[in-house]
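Enquirer: Sequence:
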Amino acid sequence: MTREVLLGWTTVTARSRPRAGSRTRAAALLAVGLVALTACTSGDDTAPAAGSTTASPTPTEAPVEPVAWDDCTAQIAPIIAGRPGADRPLTFSCGTIDVPLSHEDPTGPTLSLFAVRAVSGTQADRIGSLVVNPGGPGLSATDAAVQSALTLPDAVLGRFDVVGVDPRGVGLSQPVECVSDAQKDELSAAEPRPTSAAQLDDAFGLVDEVAAGCAEEYGAGLGAFSTVDSARDLDIVREALGDEQLSYLGYSYGTTLGSTYAELFPENVRALVLDGAVDPDADREEAAEAQAAGFEAAFDAFAANCVALVGGCPVGADPRTFVNDLLTQTATTPIASSREGETRAATPGLVLAAVRSALYTPAAWPQLAQSLATAQQGDAAGVLTLADTFTGRGEDGTYTNTIDANLTVSCSDTEETHDQDEVRALVAEWNTTYPLFGADAALGLYTCTPWEAPRTPLPDRDAEGAAPILVIGTQGDPVTPLPGAVDMAEDLTSGVLLTWQGSGHTAYPQTECVTAAVDSYLVDLVAPLDGLTCPA
1 MTREVLLGWT TVTARSRPRA GSRTRAAALL AVGLVALTAC TSGDDTAPAA GSTTASPTPT
61 EAPVEPVAWD DCTAQIAPII AGRPGADRPL TFSCGTIDVP LSHEDPTGPT LSLFAVRAVS
121 GTQADRIGSL VVNPGGPGLS ATDAAVQSAL TLPDAVLGRF DVVGVDPRGV GLSQPVECVS
181 DAQKDELSAA EPRPTSAAQL DDAFGLVDEV AAGCAEEYGA GLGAFSTVDS ARDLDIVREA
241 LGDEQLSYLG YSYGTTLGST YAELFPENVR ALVLDGAVDP DADREEAAEA QAAGFEAAFD
301 AFAANCVALV GGCPVGADPR TFVNDLLTQT ATTPIASSRE GETRAATPGL VLAAVRSALY
361 TPAAWPQLAQ SLATAQQGDA AGVLTLADTF TGRGEDGTYT NTIDANLTVS CSDTEETHDQ
421 DEVRALVAEW NTTYPLFGAD AALGLYTCTP WEAPRTPLPD RDAEGAAPIL VIGTQGDPVT
481 PLPGAVDMAE DLTSGVLLTW QGSGHTAYPQ TECVTAAVDS YLVDLVAPLD GLTCPA
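Numbering of the sequence shown is given in this note's numbering, commencing with residue 1 and proceeding in unit increments.
Hints are supplied without guarantee of correctness; some may be wrong.
Derived Cβ-Cβ restraints for the label pairs, each shown as a range [stated by the list, open to error]:
#, residue 1, residue 2, range
1, 417, 213, 45 to 55 Å
2, 68, 198, 48 to 58 Å
3, 196, 416, 34 to 44 Å
4, 125, 318, 48 to 58 Å
5, 195, 531, 41 to 51 Å
6, 195, 511, 40 to 50 Å
7, 457, 196, 31 to 41 Å
Keep in mind the hints are simulated off the structure, nothing from the lab.
A virtual CB, placed ideally from N, CA and C, is assigned to each residue, including glycine.
Can you build the whole structure from these sequences, using the hints too?
Expert: Here it is in structure tokens:
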């Protein structure tokens, strides 16, 4: 997601695309393909009117019914046709799982969560379900389940059903929708490095406008979408799947959800893989600054790689100066696109969104270099494609609800606020210290200040009594920098740290070393040696 500048999508909120280059429009396509199946099962599309819950687990008194799966292979097969892994012998099922609107009232009104299950025809000696979450918050877990079925190692796919359940308010699970497509376009295009008082006033005003609109749309019901609520839902999901304990693969924000689950239900943990761990000890300011520094380092790595190319770097010998010049150019003269039907032109906000999008994975670096060069020559088509991949914007100009859900969950999870004076000072400071990404990160700290909804802060998480939990950090991760994984592994009583010396956001399954360690842990419950380091 972009516009971390305005809506605070910093370390705790950004999950990469599920494996290099795979995200693109997969979430939107899956939603289109499955929406007809949810029409009769997803219930009322109205968001909850109740407030949030407290942080201590409450036993679920209502009986949990097994998922009534319907075969939806025919709907999903055309969506994945031609993608790597689509030739695997996979069948897909779709269903819903009801959870209490308020876990303080387990027999009261319910929400309906949409689920997708993938099963390989090669499966033997089934262990159970592997529940996947791609992070965000706000990214589609049903999409992630489909993508994981195409990419997970055979050793895992042959032993588990792969299940994705869109968390409450996300994707196909009665989505929160309170930010208009026009507002999302405005957020994406806005100045990412505001320095003048007028630019900052505009940025604060847009945040205030979005917060007021969401409060008007849902009122106190916005408080029912916290991570604590979703973690409690996850235990109902486990029971509905028929598993005595949970096997879970979570990326980025998915590590926050997974570790919260472990804190609330430690005895129900079978195996948790927390890849691209979000720092549980950092406050919002610390997290935002760490991410700004991480993206600066990732840009430097991209630049060095590009300059070293045999044929020369498309953006010249100094990529940072090239991007700065392009940002200056688009601030006064936005660049049009050759894309058919496109009415937008590339602004500084969209250019920086494209850069940020590609820095999630080195596989996208060549595309970024070429797109930037082409934009400088007068065609922003490539830049807009990268930016739209990042923001969830479809070719028709509509967005998924990722931004709405991301904002709602992020602000439900914290009581921290930063007033405008604090943010103005940090914008000025970080714009100098982190010249591409600092102002953006600092401005995001204002996001939840005007948010009008109950809050359920994340609990401290040591998950005492849980089975070993595998925490993975990547040395060159710009989104969730490595110190966050170190902190999470240290905080969790049974945490085991695995470090990958690579670049990009998240690590599994990318190299033989990481893959072998995770596969052995998931299948045989043999955790690697704490502190294991895998080479890039």
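Enquirer: Now tell me, hint by hint, if it's right for this structure.
Expert: Status of the hints after comparison with the structure:
Taking the beta carbon of each, residue 417 and residue 213 are about 19 Å apart, not inside 45 to 55 Å as hinted. For the hinted restraint 48 to 58 Å between residue 68 and residue 198, the CB-CB distance of approximately 56 Å keeps it satisfied. Evaluation of the 34 to 44 Å hint for residue 196 and residue 416 yields a failure: the beta carbon distance comes to about 26 Å. Distance hint check for residue 125 and residue 318: the Cβ-Cβ separation is about 56 Å, which falls inside the suggested range of 48 to 58 Å.
Range check, residue 195 to residue 531: Cβ separation about 43 Å, and the 41 to 51 Å hint holds. Take residue 195 and residue 511: their Cβ atoms lie about 41 Å apart, and the range 40 to 50 Å holds. The hint said 31 to 41 Å for the Cβ distance between residue 457 and residue 196, and at roughly 34 Å that hint holds.
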